[in-house]
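Protein chains: 2
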Amino acid sequence: MKTQKIPEATITRLSVYSRFLSVVEASGINSISSGEIAEGTGGTPAQVRKDLAYFGDFGTRGVGYNVPSLNEAIKEILGVDKPWRMVLVGAGNLGSALAHYSGFRNRGFEIMAAFDNDIRKVGMTLSGLPILPIGDMAAYIAEHDIQIAIITVPGPAAQDIGDELADTGISGILNFSPTTLSMPDRVSVRNIDLTVNLEVLSFIITNRDFLAGGDLVE
Amino acid sequence: MKTQKIPEATITRLSVYSRFLSVVEASGINSISSGEIAEGTGGTPAQVRKDLAYFGDFGTRGVGYNVPSLNEAIKEILGVDKPWRMVLVGAGNLGSALAHYSGFRNRGFEIMAAFDNDIRKVGMTLSGLPILPIGDMAAYIAEHDIQIAIITVPGPAAQDIGDELADTGISGILNFSPTTLSMPDRVSVRNIDLTVNLEVLSFIITNRDFLAGGDLVE
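Protein chains in written order, with UniProt numbering: chain L, 1 to 218; chain A, 1 to 218.
Excised from the complex, chain L in its bound form (with noise of 0.2 Å):
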């Protein structure tokens, strides 16, 4: 596979394409369309073809797409073919509201335990989820071999967290501190800064009459 050039837009498109397919699927259709994909996740049937012809050549002219192996394809791409362990670090409001989150475990993601720093909430449960000492961070990730934690820490704690996960062997990071993390090559780190992205709102409708359809460039 040759993905060097492949714009992040595509991969978020091809999580909503599969997330699609699933339900499509679970409805007994077996076959589909460019054009009945991109009408079910608001996009076009060019840039669907587009956006999967980057990783090979999926349907048949005049027929459509197989759905049960356009999206066990697209699936494998997306690394979500097999289940991903994870640990929440935070268990304040927003750790709460994705423990809660059924998103991610209907696509493989399993939240294991919740790791906090505060003494009062160790012990208790979040969502069911075990509320563990910070300070048995690395030997759970260890023994139960976690792939990603998701930190929401207030800002300036995230750094500190970040250096304990590097001595861990995890792989990602989904980051939702606006802390920018320090972190070395063999762990990825995915930010989601719910203030950027507000901001990032703001500034459109802003300037609305100065941007081109609207947009930013992607």
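By construction, these hints were calculated from the structure, which means they are not laboratory data. Treat the hints with care, since some could be wrong.
Because identical chains cannot be distinguished in the list, a pair is counted as satisfied if it fits within a single copy or across any two copies.
[Stated by the list, open to error] Computed cross-link-like contacts, DMTMM-like style, restricted to lysine to aspartate or glutamate with a CA-CA straight-line distance of at most 20 Å: (1) 5 x 163; (2) 121 x 163; (3) 5 x 209; (4) 82 x 209; (5) 121 x 136; (6) 50 x 185; (7) 121 x 81; (8) 5 x 185; (9) 121 x 72.
Let chain L serve as the given structure and place chain A on it in line with the hints.
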């Protein structure tokens, strides 16, 4: 201002620069170099200069940037030089976490009320916000001049909410549901699909050896 070709990544970095500059400004420091901004935000000096150059010429060679002036200019670009009034649609776990989230309020984004269709929640409060019935939403938005709605309802309910919002004077939506909303052009939509973000991370981890530099094209 000529903003037709501004990368989204530049806007996300401007938001990060501005929050960093606010901390610097509060500490009483009056002058800063692009190198210091880069160091404080995890970027490079050349990137800082390039991001700012889209919008004008803010610094003085050999002297650097005046911190309050630069921060004020960036806030004006982002549209966060004035307050924004928002409502929350969906008073579930994620809505509750966002109602608690201080990162929004610190930047002038205020959530005024929450709306939910669960009559058991209506009349209660969510982190101090009144929870009101969805049926009152349009009137509330008009009366309180609400500009942004944050949607945290489940996917299948999101387009109905979008349709109701389309008939109000709202300018933008921060959409946490996995549904791709179909909205009129005068309503800007910013999606934060948590599962998509996790799947982009799993893609990067899974395909790290194939990706140049470990990153996707922005």
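Status of each hint after checking the structure:
1. 5 x 163: This pair counts as neither: shortest intra-copy Cα distance 30 Å, inter-copy 37 Å.
2. 121 x 163: This pair counts as neither: shortest intra-copy Cα distance 23 Å, inter-copy 41 Å.
3. 5 x 209: Between copies only: 13 Å across, 31 Å inside.
4. 82 x 209: between (45 Å within a copy, 18 Å between copies)
5. 121 x 136: within (14 Å within a copy, 38 Å between copies)
6. 50 x 185: neither (30 Å within a copy, 25 Å between copies)
7. 121 x 81: Answer is neither: 34 Å inside a copy and 38 Å across each miss the 20 Å cutoff.
8. 5 x 185: Within one copy only: 19 Å inside, 30 Å across.
9. 121 x 72: neither (40 Å within a copy, 40 Å between copies)
Hints 1, 2, 6, 7, 9 from the list above are not met by this structure, while the remaining hints are.
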